[in-house]
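S.K.: In the UniProt record's numbering, the protein residues as written are 1 to 342.
You may find that some hints are simply not true.
Unchecked claim - Cross-link-like lysine-lysine pairs, in silico, DSS-like; alpha carbons within 27 Å at most:
#1 LYS132 - LYS99
#2 LYS200 - LYS64
#3 LYS98 - LYS278
#4 LYS51 - LYS274
#5 LYS274 - LYS64
#6 LYS230 - LYS195
#7 LYS128 - LYS200
#8 LYS186 - LYS245
#9 LYS99 - LYS278
#10 LYS128 - LYS334
#11 LYS98 - LYS132
#12 LYS195 - LYS64
#13 LYS64 - LYS128
#14 LYS186 - LYS132
#15 LYS334 - LYS274
#16 LYS230 - LYS245
#17 LYS134 - LYS286
#18 LYS274 - LYS132
#19 LYS200 - LYS211
#20 LYS51 - LYS96
Bear in mind the hints are in silico, worked out from the structure with no lab data behind them.
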Amino acid sequence: MNRRRWVAIGIAVVLLIFSVISSTINRSNDRKKELSQVNELLYGNNEPQEKTEEEGSSTEKIAKLVVEGAIINDGTSGLFSTGGYNHESFMKQLNKIKKDSTIKAILLEINSPGGSVYETAEIARALKEIQKDKNIPIYASMESQAASGGYYIAANSDRIFAAEDTMTGSIGVIMSSMNYSGLMEKLGITDATIKSGALKDIGSTSRPQTKEDKEVLQAFVDSMYGRFVKTVAEGRNMEETQVRKLADGRIYDGAQALENGLIDDIGYPDQALKALRKDENLTDAKVVSYTNGSTNFMNTWLGNSLAELQGLKPSQEELIKSIVESVGTPQAPKAMYLYGGE
1 MNRRRWVAIG
11 IAVVLLIFSV
21 ISSTINRSND
31 RKKELSQVNE
41 LLYGNNEPQE
51 KTEEEGSSTE
61 KIAKLVVEGA
71 IINDGTSGLF
81 STGGYNHESF
91 MKQLNKIKKD
101 STIKAILLEI
111 NSPGGSVYET
121 AEIARALKEI
131 QKDKNIPIYA
141 SMESQAASGG
151 YYIAANSDRI
161 FAAEDTMTGS
171 IGVIMSSMNY
181 SGLMEKLGIT
191 DATIKSGALK
201 DIGSTSRPQT
211 KEDKEVLQAF
221 VDSMYGRFVK
231 TVAEGRNMEE
241 TQVRKLADGR
251 IYDGAQALEN
261 GLIDDIGYPD
271 QALKALRKDE
281 NLTDAKVVSY
291 TNGSTNFMNT
301 WLGNSLAELQ
311 GLKPSQEELI
321 KSIVESVGTP
331 QAPKAMYLYG
341 GE
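Throw the hints in and build the complete structure from the sequences for me.
M.R.: Below is the structure:
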């Protein structure tokens with residue numbers, strides 16, 4: 001065969017290979033699309049679904065939002081959460097409210113010891129944007145506890161309720177860690193870390209904490225604390241100096257919080273809702289909450305097991321690892337708006 005034929009055959013082979021690859025990719029994409037559709041039928045679409053709590057006008061709604069548990073992002077989606085607070089799901093609920101013109105007010109129910117600095121601030125910011133952009137009121141009802149970050153997200157509410165026995169306050173920042181250097185010295189173990197700068201291993205558990213370490217970490221925590229104080233001062237219409245007197249980390253019950261101006265009323269969620277209806281002339285409004293969009297199958301043992309086998313739901317080991325990373329470790333402590341610290 002001459003050169004032209006070899007070139008023609010070469011081109012034909014390349015085109016054939018390209019055609020096979022393209023066909024395989026298309027089939028793969030079709031399979032992925034089909035699998036995605038099947039998974040949505042089995043588990044749900046992971047989008048908040050409105051649920052009626054109290055019947056009323058469909059053109060005027062009060063959205064009930066619930067923050068239950070520590071405010072951390074454990075890496076799970078709303079569909080595959082293990083109960084308690086789920087950050088992804090909650091932020092989607094806030095986004096849905098932003099786009100819903102029928103939502104005329106929010107009732108925020110909080111039962112939380114606080115949690116991660118970032119996630120807490122993200123919630124507070126989103127709530128503030130909703131207040132401003134939609135010009136709607138937010139009433140907060142603090143239940144068993146709304147401490148540290150739990151109080152942070154309530155602070156800018158138009159009216160805050162708590163029961164007399166609600167545990168609140170704990171305004172401040174904590175960064176928990178341990179230092180094993182003394183034990184290591186007794187065991188004859190030495191730290192052999194190589195680092196580019198004196199503070200590269202700041203917070204190390206294997207060497208004594210230096211004065212400079214402590215100063216840097218304290219400045220870091222103080223900066224976050226300042227933002228917390230500012231949030232409370234703005235939300236409660238108080239001077240920052242006044243807030244700082246209250247914000248030494250101590251806890252208050254509802255009665256003490258009322259006396260110190262941290263809340264507005266003593267009451268339970270039903271009383272907060274009643275006040276919200278009256279104050280905002282929403283007596284006929286429908287009260288709605290949001291589910292995570294999961295199906296009944298997702299809530300069964302078989303559904304959970306199948307989702308884990310498919311890699312859609314993290315295993316218990318992966319979940320524990322994600323939670324540990326969210327709250328920090330002795331080797332890599334994180335600043336938290338959290339009551340306690342362990």
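S.K.: Hint by hint, note whether the structure agrees.
M.R.: Here is what the structure says about each hint:
Between LYS132 and LYS99, the direct Cα distance comes to roughly 14 Å. Compliance with the 27 Å bound is thereby established for this hinted pair. The hinted pair formed by LYS200 and LYS64 fails the criterion: a straight-line CA distance of about 45 Å is larger than 27 Å. The straight-line distance between the Cα atoms of LYS98 and LYS278 is roughly 23 Å, inside the 27 Å bound, and the hint therefore holds. At roughly 19 Å between alpha-carbon atoms, LYS51 and LYS274 fall within 27 Å of each other, so this suggested pair holds.
For the proposed pair LYS274 and LYS64, the alpha carbon gap of about 13 Å is at most 27 Å, so the pair holds. Simply put, LYS230 and LYS195 have alpha-carbon atoms about 37 Å apart, too far for the 27 Å limit, and the pair is violated. Taking the CA atoms of LYS128 and LYS200, the gap is about 37 Å. The hint is violated against a cut of 27 Å. A distance of roughly 42 Å separates the Cα atoms of LYS186 and LYS245; the hinted pair therefore is violated under the 27 Å criterion.
As the CA atoms of LYS99 and LYS278 are separated by approximately 25 Å, the hinted pair is consistent with the 27 Å bound. For the hint linking LYS128 to LYS334, the alpha-carbon distance of about 25 Å falls within 27 Å, and the restraint holds. Annotation: proposed proximity of LYS98 to LYS132 holds, straight-line Cα distance about 11 Å (limit 27 Å). For the hint pairing LYS195 with LYS64, the CA-to-CA distance comes to about 51 Å; that exceeds 27 Å, so the pair is violated.
With a C-alpha separation of about 16 Å, the suggested pairing of LYS64 with LYS128 holds against the 27 Å cut-off. The straight-line distance between the Cα atoms of LYS186 and LYS132 is roughly 59 Å, outside the 27 Å bound, and the hint therefore fails. With a C-alpha separation of about 40 Å, the suggested pair LYS334 and LYS274 falls outside the 27 Å cut-off, and the hint is violated. The hinted pair formed by LYS230 and LYS245 meets the criterion: a straight-line CA distance of about 13 Å does not exceed 27 Å.
Of the pairs offered as hints, the one joining LYS134 and LYS286 holds, with about 18 Å between alpha carbons and a cut-off of 27 Å not exceeded. Under the criterion of a C-alpha separation no larger than 27 Å, the hint pairing LYS274 with LYS132 is consistent with the structure, at around 23 Å. Distance hint between LYS200 and LYS211 is fulfilled; the C-alpha atoms sit about 15 Å from each other, no more than 27 Å. In summary, the hint linking LYS51 to LYS96 is supported, as the alpha carbons are separated by about 13 Å, within the 27 Å threshold.
When each numbered hint is compared with the structure, violations occur for hints 2, 6, 7, 8, 12, 14 and 15.
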